[in-house]
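Visitor: Those protein sequences? They're chains A and B, same order as listed.
When you line the first sequence up against our numbering, it's residues 922 to 1144, in that order.
When you line the second sequence up against our numbering, it's residues 159 to 872, in that order.
If you're looking for bench data, these hints aren't it; they were derived computationally from the structure.
For clarity, every value in this text was computed on a predicted model and none was experimentally measured.
Be aware that a few hints might be false.
[Unchecked claim] Footprint (simulated), chain B over chain A, 3 or more residues, beta carbon under 8 Å:
# : segment
1 : 978-984
2 : 994-1008
3 : 1047-1055
4 : 1108-1118
[As the list claims (entries may be wrong)] Derived CB-CB ranges, DEER-like:
#  : chain 1 : residue 1 : chain 2 : residue 2 : range
5  : B       : 443       : A       : 1008      : 18 to 26 Å
6  : B       : 211       : A       : 1085      : 18 to 26 Å
7  : B       : 725       : A       : 1008      : 36 to 44 Å
8  : B       : 273       : A       : 1009      : 28 to 36 Å
9  : B       : 682       : A       : 1109      : 50 to 58 Å
10 : B       : 374       : A       : 1085      : 49 to 57 Å
11 : B       : 206       : A       : 1087      : 34 to 42 Å
Beta carbons: idealized from backbone N, C-alpha and C, even for Gly.
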Amino acid sequence: MKRILTLMACTLLAACASDGAGRDPAVDSPQGALVAAIQSRLTSETPQDAREVLNARVVAGSPTALVLVVLEDVDAGLTMIPAAANRGTEQWRDGTGGGILRRDGVLVGTRGLGFDLHNAEVAPLRRALRAGGGRNLRRVNLILDSTDRIVPVTYQCDVVRQGGQVLDFYGTRYATTIYDEVCRGAEDTFTNRYWVQGNGVVRRSVERVSPEVGNMQINLLKP
Amino acid sequence: MPRRSRLAATATAIAALLWAPAWGQTRSVNTYGVPGLIDMPSAQMQPDGDLTTTLSGLSNESGRVQLSFQITPRLQGVFRYATIPDFLPGDPGEPFDRTYDRSFDLRYQVLTEGRLRPALTVGLQDFGGTSLYAGEYVVATKDVGDRLTVTGGIGWGRFGSDGGFDNPLRVFGDRFETRPEVDVGRGGEFEADQWFRGDAALFAGVQYQFSDRLLLKAEYSSDAYELEEERDILDRRTPFNFGFDYDLRPGLKLGGYALHGDEVGVTLAFTLNPKRSAIGSGLEGAPLPVTIRPDQSARPDLWVRSWTADPALETTIVDTLDTLLEQIGLQLVSTRIEATEAEIRFRNPRYGSQAQAVGRVARAMTGALPSSVETFIIVPETEEGLAGAAVILRRSDLERQENAPRGAASMQAAARLVDSTRIPGETEMLDAAYPRFSWALSPYVAFSTFDPDNPLRFDIGAQLSADLQPVRGLVFSGALRQRLVGNRDEADRPSNSVLPRVRSESFLFARNTGPFIPYLTGAYFFRPAESFYGRVSAGLLESQYGGASAELLWAPVDSRLAIGVEASQVRQRDFEMDFDFQDLDATTGFVSAYYDHGNGFHSRLDVGQYLAGDKGATYELTREFNNGWRIGAYATKTNVSSEDFGEGSFDKGIRLEIPLAWVTGRPSRSTGNLLIQPILRDGGARLRLRDRLYPKVRDLTEPEIEDRWGRFWR
């Protein structure tokens, strides 16, 4: 009983500080972080999956552009809206600050996943999607590693047309052409898939973020 | 409690799944904590940076805890704490006592494994302790196919005690023929006259990878366990040992073994690697985007400079900046805003990487400053108000490089870093910047280690701390602690020191069960000139000493070298740790040099007078990783003889610092610190000052900022 009381006391202590301290004692001391982690495990709720609440009315009523992002390895869906665009790269955000970067509809960055894609050189891929395919295209994925170095990982990729598909996004249908991007690197290989409309808009894609995070499906619900 | 971010929750799930691949290459360790068989070592090394904690226990109640660090790809160091029952002669008529023993190993891989060539490693085991486990070896290891690994070696000392033959090294001189008797003495000396001396013996073994997780091992051991047999602790019936190793999960191995047909044992090895966080590059969300200015030819009205004539507009700009910085966890301190240039000084209590904080401030500035402001001068300050480097950026570079694939490298090339004292013009302090007051109520944990009566004691309690800064640089700090539970007060081994008892009576401080003051100080921090930093502080400087202290540090922002001078006049505090003092006065002072060798290695050399009045030097070598991990070892040698120093012969220790952000994935400047100091004696003892300058300002220098520049756009 004495130990339980002690733990309770520590739990309470870990959360007390003035605003002026500039730090959150719950995460800014090793002891506080430990207690906060336990608290988090005990009290956290699983956020609702965006796929459970999206419908045609919600999509149509969205005042901004909207994408549905699905992390396939953990089967989690969330929505993002545009935050900014600069020189052809769009920044999209979820409700709590995480986000993705897309350039001409191609994923070139993620934020908030831990093993993020920091950025990517994908100009040959973008040209190939417009040209109907391509061979031996160079892709460089830039990874921010655990020691704050940006590490370039180079792949040779083929972009191959796979046929057509009509996508149905909550009642709105889009005719698309499917392209597979098959990439081979020194350490790993992966295949991305793009559903491209006739006007060049990438309506859906399934793209590899990193070996650790796996694939991210991005659905452009409302441009 | 705020609702958790969906993305963060997802990332946490990924991290949990992922703890695995991060530790894939770790080698199976022997009972001494190094890659090897059962007792015998192999020539293999762990992956660079691996930090492995090994616990091994035998059925005869012997046990060892080992911390091994792969210092470089070919060099490994080990600290060991071992216990053997019924080993030391007790009082007449009494049974033998359990012994506790500390020791260090070093091993170097002379040859890496090739297609046909085996790896070759030379090792020194227990080279700086009591020599209980002392042995040296040269060992070769070769993989044969995908599953079989073969090891063979020659050993001396413990490794040459069974099946020994004349030392082949005697061709280099007669001195190699016999191994001098160990002069255990007080331990801690380097027994170099023992190394590779006396009889040698051969050992060998094989490892077979039975499945992805299960490794089988067998060895022919050349350790006769003479000391243990003499005391009937172990009956060595056969030189053969057998064991297995099972990967419970990546980074965690459980092993079992049968030792010499007499005992069985288990090992548990847990590995971390600073270069491989289970959280990757962190879970923080995306930063503010860069706000792009309108084209000047299209909207010339938004590029005019006449706004500087409107004081109200500047107030609005500063308020906006203050709000934006607060949103990203930073604190605006002062500003200087002109038509084409703006200088921002801020405190960074959140981000371990100053480059990341600078990047986020730069983006906030694009959102708050009029279009005519092209030059951004960004100056991070310490909590005490010290500024180091000023980072000078062009706004147009930020706009151009924000999403560029190599944008971080481009910004690094374009940025200029100069000493902030060289920036002309005065910044205007925000009203809210000073005075500052903060307080915190938090738990604390205090450890006492390596007491033979109880090797690990600890207290847990509550700490109420507060800081007051009336003006920039002047800081009053204090704390009050109350122990809640613990057993550090049980230590009762009296000091036998012949020196002034400056540390050896620490256990008497730990006996205090009432509230006590760990520190209560006033300090002033200042920049006397370019490249110089200063500090004067006075009060109850640490839990055992009060007095006055002053320090001057020379640390140019673009230099890998820094030099400091420090002097303190102190008096030992009362054991109650209130406002009273004892009669022990001390004058202590040092000249310190800090050098960044590159590749993550840092040296520190302190030369001066220690608390007990002894004079000498402390050298510390640390391997640091950009993410904040630090693993170092230090040794102090003063003019106190080994005999006067007492057990351990001289002060030495291992320092470990783990950034909280590496563990949690959340931005934080906090670290978990561990000091393994095998013996706390009076020789080579130093003040535990909280406010030394170099640790405070080093991440405000160019080498440190640039080392972590990869996070600029993070």
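Visitor: Taking the hints in turn, state whether each one holds.
Guide: Now the hints, each set against the structure:
no. : hint                          : verdict
1   : 978-984                       : violated (count 0)
2   : 994-1008                      : holds (count 8)
3   : 1047-1055                     : violated (count 0)
4   : 1108-1118                     : violated (count 0)
5   : B:443 with A:1008: 18 to 26 Å : 22 Å, holds
6   : B:211 with A:1085: 18 to 26 Å : 57 Å, violated
7   : B:725 with A:1008: 36 to 44 Å : 56 Å, violated
8   : B:273 with A:1009: 28 to 36 Å : 49 Å, violated
9   : B:682 with A:1109: 50 to 58 Å : 55 Å, holds
10  : B:374 with A:1085: 49 to 57 Å : 55 Å, holds
11  : B:206 with A:1087: 34 to 42 Å : 52 Å, violated
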